[in-house]
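Novice: One letter stands for each residue in the lines below.
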Amino acid sequence: MANNLGLKVKPVTETPVAEVERVAAWINTEEYKEKNFARQALVINPAHACQPLGAELAAHGFEGSLPFVHGSQGCASYYRSTLNRHFREPAPAVSDAMTEDGAVFGGQNNLHEGLENAYKLYKPKMISVFTSCMPEIIGDDLTAFIKNARMKGFVPEGLPIPYANTPSFNGSHIHGYDAMLLAILQTLTAGKKVEGRCTGKLNLLPGFDANTGNIREYKRILEAFGIPYTVLADISEVFDSPNDGTYRPYPGGTKLEDAADSINGKVTLALGTYSTAKTYAWIKDNYSGKLASIPMPFGIAKTDAFLMKLSELTGKPIPASLKEERGRAVDLMTDAHQYIHGKKFAVYGDPDYLLGLVSFLLEVGAKPTHVLCSKGTKKLEKELQALLDSSPFGKEGKVYVNKDLWHLRSLVMTEPVDAIIGDTHGKFAARDAKVPLFRFGFPIFDRVNLHREPLIGYQGVMNMMSTICNKFIDVIDETCEERQFEMMR
Amino acid sequence: MSTEIKTVEGITKESTQAMIDEVLELYPEKGKKKRAAHLAPNDQASGSACVKSNKKTVPGVMSARGCAYAGAKGVVWGPIRDMVHVSHGPVGCGWYSWGTRRNLMSGITGVNSFPMQFTSDFQEKDVVYGGDKKLATLLKEAKDLFPLAKGISVLSECPVGLIGDDINQVAKVAAKELDIPVIPCNCEGFRGVSQSLGHHISNDTIRDYIIETREFPEPIGPYDIALIGEYNIGGDAWSTKPLLEECGFNVKAVWTGDGEMDRIAATHQVKLNVIHCYRSMNYMCKVMEEKYGIPWIELNFFGPTKIRESLRKLAELFDDSIKEKVEAVIAKYDPQMQAIIEEYKPRLDGKKVMLYVGGLRPRHTINAYEDLGMTCVGSGYEFAHTDDYDRTASEMPDATVVYDDASEIEMEHFAHILKPDLIGSGIKEKYLFQKMAIPFRQMHSWDYSGPYHGYKGFPIFARDIDMAVNSPTWKLVDAPF
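Chains as they are written, first to last, in this note's numbering: chain A, 1 to 489; chain B, 1 to 481.
Isolated chain A, as found in the complex (with noise of 0.2 Å):
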C-alpha cells in the first residue's frame, strides 16, 4: 500500500448526479448561509491582497523609483504580474531572490548583491525597498543592511533608499501602501524642511487607487481651481504610458525634489482616510502649512465637500466650470435616477472606495443592500453603518467586516439583489445570483480600459451612472418578452 494515509483502496467513483443537484441547491439556502458565516478559521475568496503588493504601487508613484522586493522572488512575480494585468502596463521591478540559505543566514547578502546589480542595470534615482513573509520572519534588519550597503559602496551615497516593513500576515495591501508612501516621503524630505519657505503648492495624497483616470481627473480639478500641487505618488502616466515604440521603465511619477518640497507645502489634503493614515499622521506632525484628510470624492456630496475643502484650504473660489460641471452630473442624476431607483446593490472592497460607492448609491435612491470588506476595522464597520443610517435608502443595508466573497455569494442567493460593484473576482458570485457585476475597484483582469475611467468627482459620478443605468437597459432588451421589446426606454 503506497499512500501514507493508512486509507483503504476504494473503487474510483462519480458522484450521482441526484446529489450533485442536491449539494448545488442547497448552497443557495438560507441554512448554508448560516453554516458558512460560522466559519471560524478558513477563508474563501477574500477581496484583498497582502502588504507589498500596495507598498510596490506606491513605489512606483515615484520618478524613477525601482520598487525593490527583500525577499522571495516568486512574491515579486506575483505583485509584478498582479498590475500588468490590471493596467495591461510594465510594472519593472525586482527582488533579492532569498531561498533557504536566507532563511539560514539571513537576507543581507542577497540585498546588498541585489542593489549592486539593480542600480547598475536599470539605472534607478531611488530604490524602494519593501518586504515580503520570509525577512519578516526571520527578523531581518533593513536599517542595518541598508546603511551597511552603503558604507560598502554597493550604492552611492547620495541615492534615496527608502525602506518600509510590509508583512503580509499582517493588514492588507492598503497597509503596504502606507508604509511604502511613509518611508518614501520621511526619506526625500529628510532635512528638506526650510523655515519660512512656502512652496505655494497642495500635496494631495490620492491613496491606494489603481484607477489612472481618478488621479488625473484629481489633476484635472486642482488644475481648473489654478491651484498648483503635487501629488503623493502619482501612478498616472507610469501606469498609463503612450505607445510610440520606445520603451521606458520609469514613464512618469511624482519627480523627486517635488516629493521632497512637499514637506514645505502650503497645504496637504490626503483623499480616503483609510489607506494613508500612517503617513498622514506623520505627515501632521512633520509637514507645515494647512492640512486635511477627507473621504474620497466619489458622488455629488462627497465631490462638493471635496472643492469646498480646497477653496477652504487655499482660499480660491470654486471655478464655474466645475460649478456646470456639477450641475451636468446632477441633470444625468435627475434624467436616470428611474433606472436605479430602489434597485439594490451588493458593494465589496478596500474601505475608502466602499464609503464612497455607498454615498453614491444612496444619493441616486439605489439601496446598498449588502456592504462587505474583507479586511477592515470595527470603525470601518461603524462607520458605514452611519452612512447607511444617515438615508432612508440605507435602512435595509448591512455592513459585514471581515468577511469574504464566499459569504457574500451566500448573501446574494439568500436576500437577492439587482446588480454588484467590486473588482473581477465578484464575478463568480454575480454569475450565480444572474446580476451584473460594475468593476469600480482594484483588480480588473477582464474587461479593458476601465482603469482609465474615473470614477472621482462629477465626471466620476457620470461615468458611474452611464455604466449602471445603461447595463440595466440593455439587461431589460436582452431578456424582455418580445412584446415588450421597444423602440424607447
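Be careful, since some hints might not be right.
Rough simulated footprint, nothing fancy, chain A against chain B, three-plus residues with beta-carbon under 8 Å [said to hold, decoys possible]:
| id | segment |
| --- | --- |
| 1 | 26 to 32 |
| 2 | 62 to 73 |
| 3 | 121 to 133 |
| 4 | 140 to 147 |
| 5 | 353 to 366 |
| 6 | 406 to 419 |
Distance condition first, Cα-Cα at most 20 Å in a straight line; then the derived SDA-like pairs of lysine to any residue [claimed, not checked]:
| id | chain 1 | residue 1 | chain 2 | residue 2 |
| --- | --- | --- | --- | --- |
| 7 | B | Lys176 | A | Lys434 |
| 8 | A | Lys434 | B | Lys143 |
| 9 | B | Lys419 | A | Gly245 |
| 10 | B | Lys30 | A | Val155 |
| 11 | A | Lys33 | B | Lys143 |
Keep in mind the hints are simulated off the structure, nothing from the lab.
Ideal Cβ placement from N, Cα and C applies to all residues, glycine included.
Position chain B relative to chain A; hints supplied.
Specialist: For chain B alone, kept in the frame of chain A given last:
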C-alpha cells in the same frame, strides 16, 4: 531525429556571442560572471544543452521566475477540479494565484469543482503561536461546506515552513477524522530556485498520498492510458483527450488539467503514460515506471508536423488496429491543417519569433511556428533543467541564442538586435515589448485564448499568431507628424 541543420541568415555563433557579450557588459563583475553561463549560441548538431540552468536567480535582476508554491498551487495541484486546495499561510499567495493560470474546469463551482481561493489568511498571532490549530479547524470547515470535495490539499507558504508548523501531522489526523484524503504539500516559496521544485514536491506528494488509493471498477484494457502534464490551459485537454480517444485509446486520467482525484489515484492501472509537459511531471512518470512497470512516452501536440510525428510514435507502441486508426486520424486532419497553413503561411512566412516561457513551450512550439513559415531566433526557459535544454538544441536553428532565466534587460537587448516580428512570453514581459511596438502573445496562458494543443488547437494558434503579427494597430505606433 532529423539531422538537418537549420540556419538563419545573418546569425552565426560569432554574431550571437557578440550580442551576449554586449549585454553582459551591463552587469557588475559578479553578476556578469554568474549570468555568462546561462547565455549561449545554440549548437544544433550537439543535441545537448549549451547553457547552465536550474541555478539561483541573481539578486536584483528582473527575473520572470516564480517560486515552489507557484509550481505546486498554480501548476500541479490547482487544476485538480474536485479537490479543495488550501493556500496555507498569508492571504497574498493564494490571491495572486487565483484563476490566473487559466486551467479550465468542468463541474459546478463550489459544489463539485473548486476554482476558488481557500486560505488560512495567516495573521501575526498565527506566526507567533503557530497555525496548526487553525489548520485543523479549517479542514473541518472545508469538509462541512464542500461535502462533495474528493480531497483537500494543504499547500504551505513561506511562513509555515519558517516557523516549523507540522502540517503533515495535522493532515494525517484530519484525514482519519474527516475520512477524505488530506494531502500536506511542503512547497514553501523559499525552497529551491524556481517553480520547478514545487512541481517535484507536488509529484512526490501525489506519489506518497494519492497514487494507488483508488482502483478502476472496470477491467484494465490494452488501450488504457493516462495523459500526464496536460493542464487544460484554455481548454487544451478538451482537445488532446478526444484526439487520443479518436485514435482508439481510453484516456483513464488526465494529470492534472480538469483533473479528478480518484482517476489520478488509480493511474497505476494504466498501460502507458503519455506525457506532454515533461518538466513538471517526468518525476511521476519515472516513479510509475519503476514501481508499476508502466512505460511512458513524451509527445508534442503543437502544430500538425509534431502532432503527426507524435501520434505515429505512440502508435508504434501498440498493435495494428491502433496504427490504422492513427493513420486514419492523420489522414482526416492533414487536409484541414494544410488549409490552415495555406491561409496563414503567406502572411507569416519568413517572420522571426523569440520565445521565453516556462517548462516546455520554448521547444515544443518551435515547430508549430515553422509549420506557419516562421523561424525561431531565440529561446529560453524560466525554470528548465539541463534535460530540457538537451531537448531544445535539436529543435532550435543553429547558432541562435539560448537564454536561461533571462532577465528583462537581456530580453530587451536581444530584441533590439534580433528585431523579432513576434515575442512569445509571459504577462510580465508583454507590455514592455508592446511598448517597443513588437507584437506579442502570452505563451504561458494563450493570451486569454486557446486551446493551442492538438488539431483543434492549431487553427486557433495560427489565427492568434497572425492576428498578433499582422494587426494593423502596429502601423499606428508612429505618428505621421
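Novice: A separate judgement is required for each hint: does it hold in the structure or not?
Specialist: These are the hints, each one checked on the structure:
no., hint, in the structure
1, 26 to 32, "holds (count 5)"
2, 62 to 73, "holds (count 9)"
3, 121 to 133, "holds (count 6)"
4, 140 to 147, "holds (count 5)"
5, 353 to 366, "violated (count 0)"
6, 406 to 419, "holds (count 4)"
7, B/Lys176 with A/Lys434, "violated (39 Å)"
8, A/Lys434 with B/Lys143, "violated (27 Å)"
9, B/Lys419 with A/Gly245, "holds (13 Å)"
10, B/Lys30 with A/Val155, "holds (15 Å)"
11, A/Lys33 with B/Lys143, "holds (15 Å)"
Hint compliance for this structure: hints 5, 7 and 8 are not met, and every other hint is.
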